[in-house]
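One line per chain: the protein sequences are A and B, in this order. If you count the first sequence from 1, position 68 lands on 68 in the working numbering, and the numbers rise without skipping. Counting the second sequence from 1 gives a position; the working numbering is that position plus 166.
Don't read these hints as lab results, they were simulated from the structure. A few of these clues could be false.
As the list claims (entries may be wrong) - Residues on chain A that point at chain B, a partial pick, calculated with CB under 8 Å: (1) 43; (2) 51; (3) 52; (4) 59; (5) 64; (6) 70; (7) 72; (8) 74; (9) 78; (10) 84; (11) 121; (12) 155; (13) 160; (14) 162; (15) 163.
Note that CB positions come from ideal geometry on N, CA and C, so glycine has one too.
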Amino acid sequence: MSPAETERLLLGLKVTEFLAEEANLLDEWRLEQWLALFTDDASYVIPGTGDPAADPRQSLVLVDDDRTRLGWRVKRLLGGHAHREFPWSRTRRIISNVRVERAAADALRATSSFVVWRFRHGHADPFVGRSEYRLVERDATLRIAAKRAMLDHETLAPNGALSFLL
Amino acid sequence: MQAESLIVDDCERGIFRVHRSTMTSEDVLAAERERIFSRCWLYVGHASELAERGEYRRRSVGGRPLVFVRGKDGEIRVLYNTCPHRGAIVCRRDEGNANTFQCFYHAWTFDNCGKLLGFPDEEGYATTGFDRSKMGLGVVTRHESYRDFHFVCFDDAAPSLGDYLAGTREILDLVADQSLDGTMRVVSGTQRYSIRANWKLLAENSVDGYHAPPLHRSYLAYLQGTGALLEAGKGALGGGSTALGNGHAMIEYRAPWGRPVAFWAPTFGEESKREIEQIRAELCARHGEERGTRIAGSNRNMLVFPNLVVNDIMAVTIRTFYPIRPDFMEVTAWELAPAEESGERLARRLHNFLEFLGPGGFATPDDVEALDSCQIGFGADGVAWSDMSRGMGRTPRMDDELQMRSFWREWQARMTETRRHDWSDRRTNGARAR
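Pulled out of the complex, with its shape left as it was, chain A reads as follows:
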């Protein structure tokens, strides 16, 4: 195996491990640690079900958080008054099809497929889609500079609220 190929595979493993850890933090509702994965200028976007490529500055989407609002989102979810998540729902994130490419000298572009199962009030609801990340290295660890989670659903159903984090 060529050194370049080895490096590419190692990078893939590193990112896969990072995304598994991210999913684990979310499933365990360790949201402050999850938030710490993001850079100070990070964005977190969930486009509507009609147009995964939508630009939140020009089109209506579902979630368009800068780091400040993402911080408030986490605070809200941990505060006991985000009623759809109090008590917290049970979730399990299945992350696969991870692909990584170098976007710049210090930045990676990663994509993954996800299924998030959410269990509450007797319902088992899947949320299915694809995530796109811009990852950067800070102090020798990966950080999320941008995350865009794109749902495959035609409409947000059967569970009609993004009360938790994708």
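Assemble the complex: chain A is given as a structure, and chain B must be docked to it using the hints.
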């Protein structure tokens, strides 16, 4: 199902109750489909969505598949999305621009005005009574608009849209006149979601001022924490409730949060302060101080019976919803903005919309949970009635329940196939006069 016995409306004693079977019964839903969704004017779309000739939006209105389309002649029509030949839908994308619609089943082709253009092997009809001029796509004949809001009605005997809309026209004017030349547009992007609850729970919730402080406490904490909670939001939200006729109703109150048009809040940033104050000044110059201030600084949550919500709050949203089952509805929401907005100004509006509104906002998921929760609670069955008497006998406040009573009074009149002339709490109201 005896619709007349499902509501207790006693203005003398200040009692208003709704029987919970209205929210759970298949029979009630079947009757609603016939007496409400087949007879009321229903919102189909906004003219701005069809800027170009040939542009179309596929819509489901009252369970009916429709195409809202601007034809090559420039006219906006609403076509039934079903082939007149054997029934298949002829438009299978949610939106786009098309010169023709072709049925994939037998390749019948129609122009974007609905006219039949051609079909394979015309010879096969030579010996039949087939009249091709009558075989175009069906056009919804009752189709009218007000301030670019387009509605359809499936009842030939219904009154005109203008009469139907009654007092809501004045409020739609206030919304449309946020634009300096009175032209609003639907921003691209649709929020389509669902709620495991009866559709009428969302009609109630969309104009319910009483629930805001307790249910949306965490949203208000966010506003406070970011310095965006304005003076008006620090106590009870002052404001009133008005029955607008025909079951429509509205609450109106001072802005406790920032409004892109035009009430500045710190979260908009210092750099936008002058621009927002300028918009407000221009509105006052154009409409007079009182109306200009009302357009810019007041919030309005309005329900157009049965299922159109136009909420002019931290942004403007248009929302419709339809029952799929007694305990499940589908919701569609759009964002409306002055047509002249672009760049930073539009981005600011979009950002403000999402902090509260929509299935990923800081408030709507809690509403969805509340409605789900009511629906689960109705299953208890041992408690048969919901109470909606709040504020009866006093000047209606925005956190009273006149809005819901107005809705239910019209609902009952429709379901019992009677007519009403007064939707307020007046003691000699139409209900008793019948």
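The hints, checked one at a time:
no. : hint : in the structure
1   : 43   : 12 Å, violated
2   : 51   : 6 Å, holds
3   : 52   : 11 Å, violated
4   : 59   : 4 Å, holds
5   : 64   : 5 Å, holds
6   : 70   : 12 Å, violated
7   : 72   : 5 Å, holds
8   : 74   : 11 Å, violated
9   : 78   : 10 Å, violated
10  : 84   : 4 Å, holds
11  : 121  : 7 Å, holds
12  : 155  : 4 Å, holds
13  : 160  : 4 Å, holds
14  : 162  : 4 Å, holds
15  : 163  : 4 Å, holds
In terms of the numbered hints stated before, the structure departs from hints 1, 3, 6, 8, 9, listed from lowest to highest.
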